Structure formats: C-alpha cells, structure tokens
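Visitor: Chains as they are written, first to last, in my numbering: chain Y, 303 to 606; chain R, 55 to 327.
If you are wondering where the hints come from, they were derived from the structure by calculation, not from laboratory data. Watch out, some of these pointers could steer you wrong.
Covered by chain R, according to a simulated footprint, are these stretches of chain Y (three or more residues, beta-carbon under 8 Å) [claimed, not checked]:
#, stretch
1, 310-320
2, 364-371
Distance condition first, Cα-Cα at most 30 Å in a straight line; then the derived DSS-like pairs of lysine-lysine [to be verified]:
#, chain 1, residue 1, chain 2, residue 2
3, Y, Lys-587, Y, Lys-464
4, R, Lys-137, Y, Lys-587
5, Y, Lys-587, R, Lys-139
6, Y, Lys-587, Y, Lys-471
Just so it is clear, the structure is predicted and the values come from calculations on it, not from any experiment. Glycine included, every Cβ here is placed at the ideal spot set by N, Cα and C.
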Amino acid sequence: MYIYLPIAEVSMHIGIIIGLGGGVGFLSGLFGVGGGFLMTPLLIFFGIPPAVAVSTEANQIVASSVSGVLAHMRRGNVDFKMGAILMAGGMIGSTLGVALFSFLRDIGQIDLVIQLSYVVFLGIIGALMLTESLRTIIRSRTPGAARGKLHQHNWLHGLPLKMRFRRSKLYISALLPLAIGAFVGVLAAIMGVGGGFIMVPAMIYLLGMPTSVVVGTSLFQIIFVTANVTLLQSIQTQTVDFLLAGLLLFGAVIGAQFGSRAGAVLRGEQLRGLLALLVLAVCVKIGYDLVVRPEDLLSVELMR
Amino acid sequence: MTGWLAMQRTLAPALIGLAMLVAGPVMAAPKQIVADLSNSRVDITSSYHGTELLLFGAYEGMPGDDIILVVQGPATDIIQRRKAKRAGIWVNVETKIWQQAPSFYHVFATDDLSSITDEQGLGNASVGPLSRGLSFTSGTDDSGNGHGGGTPLSSGAAIAGNPEQQDNLRRNMQANGLWQVLPSSIFTQQDMLFRASLSLPSNIPPGEYSVRVLHFRDGVALSERATDMNVRKAGLSALIYRFAHDYSALYGIFAIIFAVASGWLAAAAFRRK
Numbered sequence: 303m304y305i306y307l308p309i310a311e312v313s314m315h316i317g318i319i320i321g322l323g324g325g326v327g328f329l330s331g332l333f334g335v336g337g338g339f340l341m342t343p344l345l346i347f348f349g350i351p352p353a354v355a356v357s358t359e360a361n362q363i364v365a366s367s368v369s370g371v372l373a374h375m376r377r378g379n380v381d382f383k384m385g386a387i388l389m390a391g392g393m394i395g396s397t398l399g400v401a402l403f404s405f406l407r408d409i410g411q412i413d414l415v416i417q418l419s420y421v422v423f424l425g426i427i428g429a430l431m432l433t434e435s436l437r438t439i440i441r442s443r444t445p446g447a448a449r450g451k452l453h454q455h456n457w458l459h460g461l462p463l464k465m466r467f468r469r470s471k472l473y474i475s476a477l478l479p480l481a482i483g484a485f486v487g488v489l490a491a492i493m494g495v496g497g498g499f500i501m502v503p504a505m506i507y508l509l510g511m512p513t514s515v516v517v518g519t520s521l522f523q524i525i526f527v528t529a530n531v532t533l534l535q536s537i538q539t540q541t542v543d544f545l546l547a548g549l550l551l552f553g554a555v556i557g558a559q560f561g562s563r564a565g566a567v568l569r570g571e572q573l574r575g576l577l578a579l580l581v582l583a584v585c586v587k588i589g590y591d592l593v594v595r596p597e598d599l600l601s602v603e604l605m606r
Numbered sequence: 055m056t057g058w059l060a061m062q063r064t065l066a067p068a069l070i071g072l073a074m075l076v077a078g079p080v081m082a083a084p085k086q087i088v089a090d091l092s093n094s095r096v097d098i099t100s101s102y103h104g105t106e107l108l109l110f111g112a113y114e115g116m117p118g119d120d121i122i123l124v125v126q127g128p129a130t131d132i133i134q135r136r137k138a139k140r141a142g143i144w145v146n147v148e149t150k151i152w153q154q155a156p157s158f159y160h161v162f163a164t165d166d167l168s169s170i171t172d173e174q175g176l177g178n179a180s181v182g183p184l185s186r187g188l189s190f191t192s193g194t195d196d197s198g199n200g201h202g203g204g205t206p207l208s209s210g211a212a213i214a215g216n217p218e219q220q221d222n223l224r225r226n227m228q229a230n231g232l233w234q235v236l237p238s239s240i241f242t243q244q245d246m247l248f249r250a251s252l253s254l255p256s257n258i259p260p261g262e263y264s265v266r267v268l269h270f271r272d273g274v275a276l277s278e279r280a281t282d283m284n285v286r287k288a289g290l291s292a293l294i295y296r297f298a299h300d301y302s303a304l305y306g307i308f309a310i311i312f313a314v315a316s317g318w319l320a321a322a323a324f325r326r327k
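All chains, full assembly: derive it from the sequences and hints.
Guide: Okay, structure coming up:
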C-alpha cells in the first residue's frame with residue numbers, strides 16, 4: 303500500500319517507511335543512539351527531498367529522545383543543570399543552523415554540505431570509536447595493563463564563569479558546555495540528527511563528565527534542540543512532514559524494543575565496535591557518492 | 055480559441071453542404087474533433103500512487119490520419135544544476151533557471167511524432183514543451199574558486215537556450231517522468247473514434263492542466279480541441295499541506311506536541327513489559 307506524503311510530495315510504500323523506522327529503531331535500541339545519522343541519509347536515498355528528510359527527522363528525534371530520557375530520569379542519570387547550559391548553546395546553534403540551511407538551499411549547495419558534514423563527522427567519530435573499542439577489547443585480554451588517568455586538567459579549565467555541576471561532579475566554566483551545545487546544535491540542524499554521537503564523546507573527553515550521566519543528559523538537551531529545529535523549519539521552509547514522521551515513529555518504537563533486548567546480550571565494547579563499523583560504513587557510502595562521477599552531471603528541480 | 059471553435063461548429067454544416075454541392079461526396083469537409091476525459095479532476099489523496107485516466111473522443115478521419123494528444127501541467131520555473139569536479143568531489147557549479155516551463159508535459163500519439171509531421175508542423179501546432187520558446191536565467195556559482203557565491207541566480211536572460219541546453223533539459227525532465235513522448239499510445243477505430251489511456255505518475259505536480267487533442271492529416275493540424283483538468287491535493291494530504299503552509303508556527307508546535315506525546319506513550323508501553 304502506497305502512501306502519498308503531503309509535504310515531501312512523493313508516494314512511498316508504507317512498508318518501506320515503517321520498515322525503515324523499525325530497522326533504524328532496532329539499531330538505535332541496540333546501540334543506545336538516536337539513529338538520525340542513519341535515518342536521514344536513508345530517507346534521502348529513498349527519494350525524500352533532503353530538506354524534508356532533515357526537518358522530518360528532527361521531529362521524529364524529539365519523540366525518540368523523550369522516550370529515551372524518561373528511563374534515564376527515573377535512574378537519576380540526567381544532570382539538569384549541565385543539560386540546561388548545553389541546551390542554551392544548542393538553541394543558539396540550531397537557530398543558526400536552520401538559517402544556514404535555508405541559505406545553502408537557496409544557493410543550491412545544501413546537498414553537498416549535508417554530505418560533507420556526514421563524511422567528516424561520521425569519519426572522525428567512527429574512527430575514534432573503533433580504535434577505542436579495539437583498545438578496550440585488547441586491554442581486557444591482557445590483564446594487569448595500566449589504566450589511563452580518569453580526568454585531565456588543561457587550559458579549558460582556566461576559562462571564566464565557573465559553575466559547579468553537582469550531578470556531574472564538575473567545577474568548570476559554563477562557556478565550555480555552551481560552546482559544545484552551540485556547535486552540536488548547528489550540526490543537528492544541518493545534518494538532521496540529534497547530535498548525540500558528537501555530544502556524548504565531547505561530554506566525556508572535553509567536559510570530563512562521568513559516563514553514567516552522559517547519555518541521559520545528552521538526550522535531555524537533544525529534545526529541546528530538535529524541537530527548536532522542528533519549529534523553525536516548520537515556520538521558515540514548511541518541510542516537516544508530519545505524516546512521514548508519525549509513520550517512522552511507529553516503526554521505530556517497535557524496533558527499539560527489540561533492539562534494546564538484543565543489546566542486553568552483547569558486551570559494551572563489542573557493541574561500540576559494531577556501532578563504529580556502522581558509522582564508518584555510512585561515512586564511506588556517502589563519501590563514495592561524492593567522488594564517483596554522477597550518471598548525469600545535470601539535475602533539475604521544480605521551483606515550488 | 056473557443057470563439058474560433060464555435061464559429062467553426064456553426065459553419066460546419068453549411069460548409070459541408072457547400073462542399074457537397076461543389077465537389078460531390080468525395081471532397082472532405084473541415085474536420086471536427088471532440089474529446090472528453092473520464093475524469094477532469096485528479097485528487098491526490100493519501101493513498102495516491104499515480105492514476106489512470108481515459109481520454110476518448112470522435113473525429114472525422116480518413117485512413118492515414120493521426121491524432122496527437124498533449125497533457126500540459128502548470129507553468130513553473132525549473133532549476134537546472136550542473137556538477138563538475140572540484141578538489142576531487144562532484145559539486146554543483148552552475149545554475150540555470152528555465153522560466154515558465156511546463157511542469158508536466160506528456161505527448162500521446164497514434165504513431166511516431168516524426169512520421170505524423172515534421173518539426174515545422176509540430177511547432178505550428180505548439181506541440182513540444184520547448185516549442186513556445188522558454189527563457190532562462192543562468193549563473194555560475196564557482197564556489198571552488200571562491201567567487202560568485204551568494205548570487206548564483208543573477209545575470210542576464212537568454213531566450214530558450216541553445217539546442218544542446220534544450221536537449222539537456224528534455225533529458226532531465228524525461229528522467230523524472232514529468233516530460234514524456236509516448237508514440238503509438240492512441241488507439242483509433244474506423245477513423246472515427248479514438249481513445250488513450252493517460253497514466254499519471256505519482257510525482258505529478260498539482261495545478262491546472264490543459265489537455266489538447268489535435269487531428270493531423272498530411273502533416274497539418276486540421277482541428278484542435280482543448281479541455282481542462284484539475285490536479286489537486288485532497289483529503290488528509292490536503293489538510294496537512296494547508297495546515298503546514300497557512301499556520302506554519304502552529305503546525306510546528308503541533309508536530310512537537312505529537313512527538314513528545316508519542317515518545318511518552320512509547321516509554322510507558324516499554325516500562326510495563
């Protein structure tokens with residue numbers, strides 16, 4: 303059964319939409335990630351216009367982050383103070399990101415910037431995750447190996463406006479999480495992702511937050527950033543496809559349930575290794591599309 | 055146009071009488087063609103995935119006559135971009151805007167267009183999406199060299215473009231299914247009746263369409279009839295589209311509330327299990 307998506311203005315098989323939602327939902331449940339970095343390229347691949355894919359995915363991530371954050375809140379794994387600062391940065395960043403998105407779309411370069419952002423950031427994060435998990439696996443097989451320092455002090459800790467974050471056991475400058483939030487916010491708006499895959503390593507390695515609160519706090523601020531993107535894209539470009547988001551969501555909810563059960567069977571470092579390979583696979587696929595000669599150098603688009 | 059047709063209609067019987075008087079029954083009369091669509095309104099509902107319409111009609115034909123049918127969508131600007139390799143990757147470097155081009159142009163015929171008439175004949179009958187002379191603005195956005203960015207769509211207009219540019223546009227529009235020529239897609243019976251099955255694609259642009267039927271003999275259009283077709287979003291898909299465009303802020307807020315509520319529900323369902 304085909305369904306006509308009113309904003310994307312394409313007709314898609316309902317099985318493909320729910321299947322995409324389910325598949326990506328499974329992986330996001332398995333790895334504990336949002337899955338935007340998979341869903342947005344897949345939607346574009348299946349013929350959804352890039353602008354609609356990015357805005358609609360932001361809307362869907364609002365839902366998946368809400369359902370994810372509730373579990374973390376019950377366990378007390380959300381640092382609300384840190385989350386609020388990250389969110390403030392994220393609001394600024396995502397607002398800039400949406401404006402940048404409109405500008406790039408007008409000059410016909412949005413596809414390129416989306417693809418380049420994916421290649422660069424998935425490449426970096428995927429490579430880091432892969433080496434990290436390989437190192438952990440090797441270390442676990444050689445007992446007695448030295449552990450690294452828990453947290454290092456550097457120039458970042460000398461910045462002004464210091465604040466105490468009790469839940470994260472940190473006393474650092476508020477400027478740092480604000481800047482990280484803003485940076486990830488820009489990327490979230492352009493790439494159609496929540497940005498957790500950049501936010502989480504940044505919280506661990508740049509802010510030095512304990513891993514227990516990282517995912518919950520990241521999800522908490524993603525809700526607000528993606529809600530902001532949803533609202534701004536609705537107003538400025540009318541590219542949020544409510545029907546598409548709803549159907550993806552339906553599949554994702556079911557998929558995530560199975561994914562998190564499957565995830566309980568695998569070990570943490572194995573999961574991270576697999577996730578790293580998945581991230582790198584998406585990076586390589588998009589990078590390949592950029593360097594290989596297109597079938598037709600010319601393309602058309604109807605002005606709406 | 056309608057005046058011309060009406061005049062022809064009232065004159066036809068008189069002329070037939072005159073012709074018979076002058077040349078006897080072998081002489082052909084001015085040809086009339088009539089046609090109708092099985093449905094003059096196409097609703098793009100949520101379950102729309104392309105549709106089939108039947109166009110049928112009658113004409114006063116002779117063996118060897120042909121019919122051409124043109125389905126033309128609303129005029130729009132078509133943005134065409136050209137990629138080139140810059141620093142190892144393929145980047146859009148040039149933008150052309152074809153102004154007031156038909157967003158949809160399907161041509162049906164009883165035969166190959168080339169065996170019905172020549173370029174001249176098609177041009178005289180305004181058949182072919184480029185036959186009316188489109189204009190376009192072009193601009194070079196050579197971002198690889200760091201100049202020209204920001205205003206790629208400015209600079210002067212040219213008329214219709216050269217034949218190579220026209221071919222490129224035709225190829226691109228054919229690839230996405232919006233411009234098509236379908237030879238031998240009209241069926242005739244005893245040189246009196248004709249019918250064609252119009253298959254409309256799922257990516258059809260909404261708007262006012264014109265459907266023209268032309269009766270050709272010896273490469274010349276003898277008569278023509280035009281009828282309208284309205285393609286529009288309907289039902290839930292129209293509702294969502296209108297909501298998104300007319301009350302965009304409210305739509306955004308609604309989308310967020312919906313997402314938060316369904317996320318909450320999903321989490322509650324998870325917890326129980």
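Visitor: All hints are to be evaluated individually against the structure, with a verdict given for each.
Guide: Against the structure, the hints come out as follows:
Residues of the stretch 310-320 of chain Y lying with their CB closer than 8 Å to a CB of chain R number 3, which satisfies the three-residue condition for coverage. Remark: the stretch 364-371 of chain Y is confirmed as covered by chain R, as 7 of its residues place a Cβ nearer than 8 Å to a Cβ of that chain, reaching the required three. Between Lys-587 of chain Y and Lys-464 of chain Y, the direct Cα distance comes to roughly 43 Å. Violation of the 30 Å bound is thereby established for this hinted pair. With a C-alpha separation of about 19 Å, the suggested pairing of Lys-137 of chain R with Lys-587 of chain Y holds against the 30 Å cut-off.
As the CA atoms of Lys-587 of chain Y and Lys-139 of chain R are separated by approximately 18 Å, the hinted pair is consistent with the 30 Å bound. At most 30 Å may separate the alpha-carbon atoms for a hinted pair to count; Lys-587 of chain Y and Lys-471 of chain Y exceed this at roughly 40 Å.
Figure legend: structure checked against the earlier numbered hints; hints not met, in rising order: 3 and 6.
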